[in-house]
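Enquirer: Chains as they are written, first to last, in numbering that gives the first Met the number 0: chain A, 0 to 276; chain B, 0 to 276.
It is possible that some hints are incorrect.
Identical chains share a label here; the pair holds if one copy fits it or two copies do between them.
To be verified - With a straight-line cut-off of 27 angstroms between C-alpha atoms, the simulated DSSO-like cross-links for lysine-lysine are:
(1) 75 to 49
(2) 185 to 82
(3) 67 to 82
(4) 203 to 71
(5) 49 to 251
(6) 251 to 71
(7) 49 to 81
(8) 203 to 75
(9) 251 to 67
(10) 49 to 67
(11) 251 to 185
(12) 81 to 226
(13) 82 to 226
(14) 71 to 49
(15) 203 to 185
(16) 67 to 81
(17) 226 to 67
Hints were generated in silico from the structure; no laboratory data involved.
Protein chains: 2
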Amino acid sequence: MCVPETFDALRTSRREFLKLAAGTALGTAMAGTALLGPQEAEARAISVNKVQDLTHVLNPGFPSFNPKFFPKFERKVFVTIKKDGFYGNVLTYWEHSGTHMDAPHHFAEGAWMVHQIPAGRLIGPAAVIHIHERAASNPNAQVTPNDIRAWERRNGRLPNGAIVLMHSGWESRVNDVQAYRNPDAKGVMHFPGFHPEAAQMLVKERNITGIGVDTLSLDYGASADFKTHVTVLGANKWGLENVANLATIPPKGATLFVGAPRVQDGSGGPTRVIAVW
Amino acid sequence: MCVPETFDALRTSRREFLKLAAGTALGTAMAGTALLGPQEAEARAISVNKVQDLTHVLNPGFPSFNPKFFPKFERKVFVTIKKDGFYGNVLTYWEHSGTHMDAPHHFAEGAWMVHQIPAGRLIGPAAVIHIHERAASNPNAQVTPNDIRAWERRNGRLPNGAIVLMHSGWESRVNDVQAYRNPDAKGVMHFPGFHPEAAQMLVKERNITGIGVDTLSLDYGASADFKTHVTVLGANKWGLENVANLATIPPKGATLFVGAPRVQDGSGGPTRVIAVW
Numbered sequence: 000m001c002v003p004e005t006f007d008a009l010r011t012s013r014r015e016f017l018k019l020a021a022g023t024a025l026g027t028a029m030a031g032t033a034l035l036g037p038q039e040a041e042a043r044a045i046s047v048n049k050v051q052d053l054t055h056v057l058n059p060g061f062p063s064f065n066p067k068f069f070p071k072f073e074r075k076v077f078v079t080i081k082k083d084g085f086y087g088n089v090l091t092y093w094e095h096s097g098t099h100m101d102a103p104h105h106f107a108e109g110a111w112m113v114h115q116i117p118a119g120r121l122i123g124p125a126a127v128i129h130i131h132e133r134a135a136s137n138p139n140a141q142v143t144p145n146d147i148r149a150w151e152r153r154n155g156r157l158p159n160g161a162i163v164l165m166h167s168g169w170e171s172r173v174n175d176v177q178a179y180r181n182p183d184a185k186g187v188m189h190f191p192g193f194h195p196e197a198a199q200m201l202v203k204e205r206n207i208t209g210i211g212v213d214t215l216s217l218d219y220g221a222s223a224d225f226k227t228h229v230t231v232l233g234a235n236k237w238g239l240e241n242v243a244n245l246a247t248i249p250p251k252g253a254t255l256f257v258g259a260p261r262v263q264d265g266s267g268g269p270t271r272v273i274a275v276w
Numbered sequence: 000m001c002v003p004e005t006f007d008a009l010r011t012s013r014r015e016f017l018k019l020a021a022g023t024a025l026g027t028a029m030a031g032t033a034l035l036g037p038q039e040a041e042a043r044a045i046s047v048n049k050v051q052d053l054t055h056v057l058n059p060g061f062p063s064f065n066p067k068f069f070p071k072f073e074r075k076v077f078v079t080i081k082k083d084g085f086y087g088n089v090l091t092y093w094e095h096s097g098t099h100m101d102a103p104h105h106f107a108e109g110a111w112m113v114h115q116i117p118a119g120r121l122i123g124p125a126a127v128i129h130i131h132e133r134a135a136s137n138p139n140a141q142v143t144p145n146d147i148r149a150w151e152r153r154n155g156r157l158p159n160g161a162i163v164l165m166h167s168g169w170e171s172r173v174n175d176v177q178a179y180r181n182p183d184a185k186g187v188m189h190f191p192g193f194h195p196e197a198a199q200m201l202v203k204e205r206n207i208t209g210i211g212v213d214t215l216s217l218d219y220g221a222s223a224d225f226k227t228h229v230t231v232l233g234a235n236k237w238g239l240e241n242v243a244n245l246a247t248i249p250p251k252g253a254t255l256f257v258g259a260p261r262v263q264d265g266s267g268g269p270t271r272v273i274a275v276w
């Protein structure tokens, strides 16, 4: 048992957010809403018995949401130990490659760019919602409010500051770009995501830090309006896409560390995601 | 007080490392050495009362080790909310930009590329060695074995799996490229780093995970042979450069999360570093 302690750092985040939001369009839009900051997170200490990497290895072959539109991930060897005494590369890529973060600003003017997300908002309790059985027979499966309520019946209410993760089992297709994108004859993709109503519930009725999926998009593949993106990022919460290994961490009880880059004015970017429990 | 628990994940890392090293030049070179894996890390739980970002914001103006040789960090806006409905950039950069990791392979053939570093080796207890008073009057100041011993007299022996960090106060110059690089008339830079003898002590006589500095290089600026790099990375330990805010975390007792990217065959890269305690 651990002595409960106050989460000072997250109180700071709340103040920083209000200060930031006050000067922006988002601040104006949100001033009257009940946006709950994680300063109310329950006191805690993190056990570290197990560590699991939730990050795919990023290379030029990693599936892209739209390979015709977005530049391909590129790594050029710039120096070598043999020739130069040390080894290193120059990288060129679209920010939304591999296991990556969608910063709130990706879909919401005035919301946080990646460099503005306080460190305290990059740590949180993971809640894994398993829809892999449904997704095995229906590639358009989505996480619904009912799935969230079913999780809560088993595990208790979503903890304050939760990072809510969809496990659809889609990872088994990640080495086959065609199967992972799963487009139909018209080019419309079919893979699981969060239903906009679940997104709405999470940002209005719960106090989350972000959401994550083991597919290419927070919205399911066939979405025409990206409403889950708009809802989650518009509430100044972030998203994670192409998250790995979600079958291997407990549905409740792990803590996530989200190593998002700190690029000025970044819309997100390849992120190291690590679970400990 | 927290119940002590075993660090299973780090035992795994040790096994993974041995498996990796066995098939490489490094494995051959190291087979006979007493390289201690962090499986011996003391049992622990991590308190999270405070969170501190140790990451500088990365932009094209951030100081570079050699701006004439390495490509400049570049961010090009690729889509905008106004025009495209969402915002994002394409980035191009040399891996060793901003607050970043040097993966072991950066200077050591056969040692870990950044994607091979197990998640358990990206978490560890921080030990901050302050040399800022000496560095204020001597830009060639280095962390020596005596500094490590002085830290241990005050704080006890370096913990297993320690991440040993130099705080030289150099961060106060980070917004002035010339002052941060501090070249003399011949172009030789003068800023603090780890002395090779300290590096040798850390990899031979202690059980560390990595080291970090608040300057452009693990070696001090005037180094001609990068001997600290070769010693630390050659022992399959990583380094962190341009670490921020080291004056604000305790010398002992914080845990670091090192959000290094997972680029295949990467030599390191911009990294989100977060301290909790």
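Enquirer: If a hint holds in the structure, say so; if it doesn't, say that too.
Expert: Results of checking the hints against the structure:
| no. | hint | result |
| --- | --- | --- |
| 1 | 75 to 49 | neither (35 angstroms within a copy, 39 angstroms between copies) |
| 2 | 185 to 82 | between (49 angstroms within a copy, 24 angstroms between copies) |
| 3 | 67 to 82 | between (36 angstroms within a copy, 18 angstroms between copies) |
| 4 | 203 to 71 | neither (36 angstroms within a copy, 42 angstroms between copies) |
| 5 | 49 to 251 | both (14 angstroms within a copy, 23 angstroms between copies) |
| 6 | 251 to 71 | neither (36 angstroms within a copy, 43 angstroms between copies) |
| 7 | 49 to 81 | neither (38 angstroms within a copy, 44 angstroms between copies) |
| 8 | 203 to 75 | neither (45 angstroms within a copy, 34 angstroms between copies) |
| 9 | 251 to 67 | neither (38 angstroms within a copy, 50 angstroms between copies) |
| 10 | 49 to 67 | neither (40 angstroms within a copy, 44 angstroms between copies) |
| 11 | 251 to 185 | neither (39 angstroms within a copy, 59 angstroms between copies) |
| 12 | 81 to 226 | between (51 angstroms within a copy, 17 angstroms between copies) |
| 13 | 82 to 226 | between (51 angstroms within a copy, 18 angstroms between copies) |
| 14 | 71 to 49 | neither (34 angstroms within a copy, 39 angstroms between copies) |
| 15 | 203 to 185 | neither (35 angstroms within a copy, 61 angstroms between copies) |
| 16 | 67 to 81 | between (37 angstroms within a copy, 21 angstroms between copies) |
| 17 | 226 to 67 | within (23 angstroms within a copy, 46 angstroms between copies) |
Violated hints, listed in ascending order, are 1, 4, 6, 7, 8, 9, 10, 11, 14, 15; each of the other numbered hints is respected by the structure.
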